[in-house]
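Protein chains in written order, with the numbering used here: chain X, 1 to 248; chain W, 1001 to 1220; chain V, 2001 to 2666.
If you are wondering where the hints come from, they were derived from the structure by calculation, not from laboratory data. All values reported here derive from a predicted model rather than from experimental measurement. Please note that the accuracy of each hint is not assured.
[What the hints assert, rightly or not] Short, incomplete list of chain W residues facing chain X, as computed with Cβ under 7 Å: (1) Ser1010; (2) Tyr1092; (3) Lys1094; (4) Asn1095; (5) Asn1100; (6) Leu1141; (7) Arg1145; (8) Gly1186.
[Unchecked claim] Pairs of lysine to aspartate or glutamate, EDC-like flavour, derived with a Cα cap of 16 Å: (9) Lys2584(V) with Glu50(X); (10) Lys149(X) with Asp2143(V); (11) Lys2570(V) with Glu50(X); (12) Lys1094(W) with Asp95(X); (13) Lys2666(V) with Glu2620(V); (14) Lys47(X) with Glu2581(V); (15) Lys1094(W) with Glu21(X); (16) Lys1083(W) with Glu210(X); (17) Lys105(X) with Asp1125(W).
Yeah, the Cβ is synthetic: ideal placement off N, Cα and C, and Gly gets one too.
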Amino acid sequence: MKLTLKIWRQKNAAAEGKIVEYPIDHIEPDMSFLEMLDILNDELIMKGDEPVAFDHDCREGICGMCSLYINGEAHGPDRGVTTCQLHMRMFKDGDTIFIEPFRAKAFPVIKDLVVDRSSFDRIQHAGGFISVNTSGNTIDANTIPVNKKDADDAFDAAACIGCGACVATCKNSSAMLFVAAKVSQYALLPQGRIEATDRVLNMVSQMDAEGFGNCTNTGACEVECPKGISLENIARMNREYMSASLKG
Amino acid sequence: MAKSALLKSSIAKKVAMALSGLFLMLFLAQHFFINMTSVFSENTFNSISHFMGNNPLVQFVIQPILIVGVVFHFIMGIVLDFKNRAARPIAYAKNNGAANSSWASRNMIITGLVVLAFIILHFYDFWVPEMVYKYVEVNSLDETRYFHEMTAKFESPVRTGLYCLSFVLLALHLWHGFSSSFQSVGARRVSLGTQKFGYAFAIIIPFGFIFIALFHHFNH
Amino acid sequence: MALDSKIPEGSISDKWTNYKDHINLVNPANKRNLDVIIVGTGLAGGSAAATLAELGYNVKAFCFQDSPRRAHSIAAQGGINAAKNYQGDGDSTFRLFYDTVKGGDYRAREANVHRLAEVSGNIIDQCVAQGVPLAREYGGLLDNRSFGGTLVSRTFYAKGQTGQQLLLGAYSAMNRQIGRGKIKMHNRHEMLDLVIVNGKARGIIARNLVTGEIERHSAHAVVIASGGYGNVFFLSTNAMGSNATAAWKIHKKGAFFANPCYTQIHPTCIPVSGDHQSKLTLMSESLRNDGRIWVPAKLEDAKAIREGKKKPTDLSEAERDYYLERRYPAFGNLVPRDIASRAAKERCDAGFGVNKTGEAVYLDFAAAIQRYGVDQARIKHLDEKDTALVIKLGTEVVANKYGNLFQMYEKIVDENPYSTPMMIYPAVHYTMGGTWVDYNLQTTIPGCFSIGESNFSDHGANRLGASALMQGLADGYFVLPYTIGDYLSPDIKMGAISTDLPEFVAAEKAVKDQIERFMNNKGTHSVDYFHKKLGKIMWDKVGMARNAKGLNEAIVEIAALREEFYKEVKVPGDANGFNQELEKATRVADFLELGELFAKDALHRNESCGGHFREEYQTEEGEAQRDDENFAYVAAWEYTGKPSEAVLHKEPLVFDNVKLVQRSYK
Chain X
1 MKLTLKIWRQ
11 KNAAAEGKIV
21 EYPIDHIEPD
31 MSFLEMLDIL
41 NDELIMKGDE
51 PVAFDHDCRE
61 GICGMCSLYI
71 NGEAHGPDRG
81 VTTCQLHMRM
91 FKDGDTIFIE
101 PFRAKAFPVI
111 KDLVVDRSSF
121 DRIQHAGGFI
131 SVNTSGNTID
141 ANTIPVNKKD
151 ADDAFDAAAC
161 IGCGACVATC
171 KNSSAMLFVA
181 AKVSQYALLP
191 QGRIEATDRV
201 LNMVSQMDAE
211 GFGNCTNTGA
221 CEVECPKGIS
231 LENIARMNRE
241 YMSASLKG
Chain W
1001 MAKSALLKSS
1011 IAKKVAMALS
1021 GLFLMLFLAQ
1031 HFFINMTSVF
1041 SENTFNSISH
1051 FMGNNPLVQF
1061 VIQPILIVGV
1071 VFHFIMGIVL
1081 DFKNRAARPI
1091 AYAKNNGAAN
1101 SSWASRNMII
1111 TGLVVLAFII
1121 LHFYDFWVPE
1131 MVYKYVEVNS
1141 LDETRYFHEM
1151 TAKFESPVRT
1161 GLYCLSFVLL
1171 ALHLWHGFSS
1181 SFQSVGARRV
1191 SLGTQKFGYA
1201 FAIIIPFGFI
1211 FIALFHHFNH
Chain V
2001 MALDSKIPEG
2011 SISDKWTNYK
2021 DHINLVNPAN
2031 KRNLDVIIVG
2041 TGLAGGSAAA
2051 TLAELGYNVK
2061 AFCFQDSPRR
2071 AHSIAAQGGI
2081 NAAKNYQGDG
2091 DSTFRLFYDT
2101 VKGGDYRARE
2111 ANVHRLAEVS
2121 GNIIDQCVAQ
2131 GVPLAREYGG
2141 LLDNRSFGGT
2151 LVSRTFYAKG
2161 QTGQQLLLGA
2171 YSAMNRQIGR
2181 GKIKMHNRHE
2191 MLDLVIVNGK
2201 ARGIIARNLV
2211 TGEIERHSAH
2221 AVVIASGGYG
2231 NVFFLSTNAM
2241 GSNATAAWKI
2251 HKKGAFFANP
2261 CYTQIHPTCI
2271 PVSGDHQSKL
2281 TLMSESLRND
2291 GRIWVPAKLE
2301 DAKAIREGKK
2311 KPTDLSEAER
2321 DYYLERRYPA
2331 FGNLVPRDIA
2341 SRAAKERCDA
2351 GFGVNKTGEA
2361 VYLDFAAAIQ
2371 RYGVDQARIK
2381 HLDEKDTALV
2391 IKLGTEVVAN
2401 KYGNLFQMYE
2411 KIVDENPYST
2421 PMMIYPAVHY
2431 TMGGTWVDYN
2441 LQTTIPGCFS
2451 IGESNFSDHG
2461 ANRLGASALM
2471 QGLADGYFVL
2481 PYTIGDYLSP
2491 DIKMGAISTD
2501 LPEFVAAEKA
2511 VKDQIERFMN
2521 NKGTHSVDYF
2531 HKKLGKIMWD
2541 KVGMARNAKG
2551 LNEAIVEIAA
2561 LREEFYKEVK
2571 VPGDANGFNQ
2581 ELEKATRVAD
2591 FLELGELFAK
2601 DALHRNESCG
2611 GHFREEYQTE
2621 EGEAQRDDEN
2631 FAYVAAWEYT
2641 GKPSEAVLHK
2651 EPLVFDNVKL
2661 VQRSYK
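With these hints in hand, go ahead and build the complete structure from the sequences.
Structural data, given as C-alpha cells:
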C-alpha cells in the first residue's frame, strides 16, 4: 500500500505545531498502525530528520499508553481497539491519513503526538481508592458475598484503561466517562460504598479543576472507548453526585 | 463543600440544564395541545386562550417561572458552550464526529440558538402585543380575539415558512434533548422505551406545530 | 565474597513467623525521617510504594511510563494463585509451595517459596478489600480456575484482565498516598544509575524523559522493581518500553545477577507475521483449559496446509497429532509452559509447522465447542443431534469464557478462531532470572533491594502460570515492608542524605557522558537495527533450545555487535527534551551486555532444567535432564568490567522438604 500521512509535528510544549505531510510506501495490511509509524520513523532517522514522537508501550491494547486521533477518530476507524491493535487492513492503497494528538486543554502536547494525561492521575489521587491499609489484616475475601451482577458491572467499569479516548473524542473534551467508570466500580461494591459520598464529590471537583468540558450526552465516548465502557456509568455518577451533594 | 459544589460543579450545571429542559418540554406539550384545538374549534381555542391570558395564577406565577426557565436554559446553554469550547483550545484538523454521534447531539447550540431566535420572533408576534393590549393600553376583555390574531399571523408565507423551519430545528433539539435530560438527571436506565418516547415527542410536537401553521396558512 | 542467603533457622513453616518476631522495627515517628526510592510501579513496586508510605516512610517512586498504572503487570491476563482452598479440592500452603518448587524444576530457594505460599491468601483478602473486581460465582463468592502444572483450582481471576485489575488495586493504594503527599511520584523518569555512598545504596540518577534533565535523588534505601529483561530478544510479549537498565546498572555497581539463562518461553502466542513485527501478543494460558493443541500427523499434510492447498478443518481426527495429549497423558494440554513450548518447537523443527513460516501449531476449540454444545442442549432440553444447534450453543459458551481473547486474535490475524483453529507459537514472556537477593530481598549491595520479576528468587528455572502476580504482590505488600524496616532501623537518626556528595556528582557525570556519546555519534543505523540483530542472535542461539556451539558463537557475536553499536548507532534529536530514540539507545546498550552474560550463563550450566534446555542434556524421550549433583545451585554473577569476565558465585540449593525427582507430567 502507498499512503499519504498528514502528521502533527510540534517540537515541545511551548512551540507552535503544524501538520506535515509524509508519503509512505510498501505498507502491508498485516502491519499494525504503530508498526507503520515505526517504518516511517526508521526512514526519517536514516534521512537525518527527527522521528515522530508517539506514546506506546504494551502494544496489545491494555496499557492505555497509545493514543492518536486518526482520520478524525480516537484510536482510528476500527471499534473496540486501541491504536496499537488497529491494523493497516482498515485502510486502502492511496488513502490519506490524518494523525493528530489527543486534543484537550487538560491534555497538553509534550511533543508531536505525545500528550500529558497526568490530569487523569490527579483525579484519581482525589478519591480513586478505598481507604484500606495493606497490613494483611483485612477480613477473609469471602466474608462479604457480592451479587454477581454487581461484581460483573463493577468489573466492566473497572475495565477502563485510562487512555483518554473519551476526552479526545468528546466535542467538549469532557472526562465524564473516565471519572464515572472509577466512581461506578467502587459504588457498586460493598467495600467501596463506605466512602462513596466523599469520593464522588472530590473526584468531580478535581475533574472540574483540571479544565475538562461538560458532558452533553452525545455518546461519542462510549462508541470510541476501546473497552466499551457504558454511558450507564455516567448516569450512575450523576445520581451518586446529586445524592452526595444533598447529603453533604 | 457539598452545598457550594451543588451550585458550581459541572454536573450540577448539567442537571440544571436537564431540569429546565424537561420543564420547557412540559410547557411545549401543553402549548401544543392548546394550539391544536384551533384546528378543530375556534371557540375552544378562544376560551382556553382567554383563560391562560387572564387567570392570575397563570399570569403572575406560572408565566414568570416560565420566562425565568427559558432565560436560564438559554444563558446556561450559552455559558456551557463557551466553557466547553475553551476545553479544547486547538481544534482537530480532521474530525469525523458523524462516526460516533448524531448531528443533533453535536449541534445543540445551533438548534438552540435558532429556537431562541424563533422565541424572540414569537414574543414579538404574540406576547408583546398581548402585554401591550392588556397592561399598557388596558383594553377591555375580548374572549373572541385570539383565534383571529393567530390566523392573521399565518397569512404571510414568509413568516409561516420561518415558523416551519424553526420547528424543524426544534425537532432536532428535542431529538437529542429529551433522552439527554434523563441521562443527566441520572435516570437508572435510559431505556429504549424512554428513548423511543423521546424520539416520538421530538417528531410529533414540532411537526404538529408545523401542521397547525400550515393548516391556518392554507385555510384562512 | 561468599553468598549469604540469610535464611532463618527453624522448620520451613516457621521460618517466616520466627523471622518477623525477631527483626528490628522502626517506630512510627522515626519512619518519617527515612526516605525510600522505588524504581518501577508494577505490582511489586506499586504495592511496595503504597505499603511503605502507609507505614510512614517517605517514598519517592519512579516509572518511565506516563502513569504508574501502565506498568506491564497490566498485561497479565489469566490470574493469580492463592492457597485459599475455597474449592475444597485439597489445596494447602504446602501444596502451593510444592507445586511451585516442582514447577520451577527444583531450582528455587525453598524458604522463599514457602513464604510466598504462606502470604498468598492474604493477597486475595487485600485485593478484595481494595475493590478489585475478581470474578464471582452466582452465590456471590469468589470463583477459581485451574492453570498449567497443577491439579487443583487455585487461580483467582478478573476475566482476561487479572493483571490490570490487580495493578489498578495497587495504583489506587498509591493514589491514596500520593494524595496525602507520602509518595512523591516521578512519572516519565528513567533511572540511569545507582549511587553508592560508603558501601550503601543511597540514591539514584534519573533522567526526566520530558525535559531531558538529569536529576539526583537520594534516599536511605533503593528498591528496584523494574521487571524482567525479556526484551533482550527484541520480540517478546513484554511492553516496548520494558527494559533491564535499572537492574543492569545495579549489577554493574555490585549487585550479583542470578541465573540469567532462565527465561520463560510462553507456548501460546500469536505467531510472527513478518519482518515489520514489533512485538508478540500472548494468548492466555487459560485457553489451554479448553483448546487442544495439534499439528498434522503427516508431513505432506503440513506442507499442503503451508502452501494453502489444504485447510486444517479438512483433516480427519486420524490425520491429526495431538502431541501433548500423546506425550503427556496425565496433564495433556495443561503441562507447564516450558514443556508445552519445547514440544511445539520440536514438532515445527521436524517440519510439521502450519503457517507460512512453518512456525505455528494449532490450538483448536472445535472439541470444546462440541462438548459444551451438547451439554447446553441437554440442560435446555433441546435436540443434541442437531449439529448446527450444538455448535451455536457451544460457541456461546466458549465466547462467554474467552470472548475478548478470541476477538483480539481475530483483530490481529484476521481469521475467525471459532470456525478455524487458532495458530500459536511460543514467544519469550518472562524471565525467572534476575538480581540475586537474599531472604530479605536485598541484593549484594547493602540498602539496594530487588522485588518482583527483577529478582531471581521464587520461580526457579520455570514459572508456573498465575504465579508472577502472586510473587509481585507478595514481595511488595507483605515481605519487603518487614525486611526493609530491619535494614533501616540503624539509620533513624541519620537525617536526609545530601545529593551534593561527590558520589552523586560522579554518577551524574558518568550518565551525562554516556548520553553525550550517543548524541555525538554520527552513526549509520537506528537503535532498532541493533536491537533486532541482538534479538535474532538470542532467539536463534540462546532461545528455546541451546547447545555449546551456538552459545559460544552467540557470545562472540554479541560482543562484536556491541562494539558495532557504539560505533555505528545514530541517535537523532536533542538530549535536552523528549527523545524516544535516546531512551531506546540507553536501554539497548544494557541489553547488549546482558545478552552476553545470559549466553555465558547458559553455556556454563551443563544441564537442562525448566526454561533452560541444552540439547546435549536430554532424556531419550527428549525431556529436560537435570544434573542435581553438579548444578543444584543458583549461579550468581559478579560484574568485573566486562560481561565475558563476570565471576561466578554459587549459592547451593538445599531441599529439606521436597524430594528431587525427574519432573514428570506424563
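Against the structure, the hints:
1. Taking 7 Å as the C-beta contact cut-off toward chain X, the hint placing Ser1010(W) at the interface holds, the least distance being around 5 Å.
2. Using the Cβ-Cβ criterion of 7 Å, the hint placing Tyr1092(W) at the interface with chain X is satisfied: the shortest such distance is roughly 6 Å.
3. About 4 Å separates the beta-carbon of Lys1094(W) from the nearest beta-carbon of chain X, less than 7 Å, and the hint is met.
4. A hinted interface residue such as Asn1095(W) counts as satisfied when its beta carbon comes closer than 7 Å to some beta carbon of chain X; here the least separation is about 5 Å, so the hint holds.
5. A cut of 7 Å between beta carbons decides the hint on Asn1100(W): the least distance to chain X is about 4 Å, and the hint holds.
6. With 7 Å as the threshold, the beta carbon of Leu1141(W) stays out of range of chain X, its nearest partner Cβ sitting at about 45 Å, so the hint is violated.
7. Proximity of Arg1145(W) to chain X is violated relative to the hint, the smallest CB-CB distance being about 42 Å (cut-off 7 Å).
8. Residue-level restraint check for Gly1186(W) holds (minimum Cβ-Cβ distance to chain X is 3 Å; threshold 7 Å).
9. Distance check on the hinted pair: Lys2584(V) and Glu50(X) sit about 14 Å apart at the alpha-carbon level, within 16 Å; holds.
10. With a C-alpha separation of about 14 Å, the suggested pair Lys149(X) and Asp2143(V) falls inside the 16 Å cut-off, and the hint holds.
11. Between Lys2570(V) and Glu50(X), the direct Cα distance comes to roughly 11 Å. Compliance with the 16 Å bound is thereby established for this hinted pair.
12. Only pairs whose Cα atoms come within 16 Å are accepted, and Lys1094(W) paired with Asp95(X) is accepted, the gap being roughly 14 Å.
13. Our distance criterion of 16 Å between C-alpha atoms is met by Lys2666(V) and Glu2620(V), whose separation comes to about 15 Å.
14. Between the alpha carbons of Lys47(X) and Glu2581(V) the distance comes to roughly 15 Å, so the proposed pair stays at or under 16 Å and holds.
15. Of the supplied pair hints, the one linking Lys1094(W) and Glu21(X) holds, its CA atoms being roughly 14 Å apart against a limit of 16 Å.
16. Restraint check for Lys1083(W) and Glu210(X): the C-alpha separation of about 13 Å stays at or below 16 Å, so the hint holds.
17. With a CA separation close to 43 Å, the supplied pair Lys105(X) and Asp1125(W) exceeds the 16 Å bound.
In this structure, the hints that do not hold are numbers 6, 7 and 17, in rising order.
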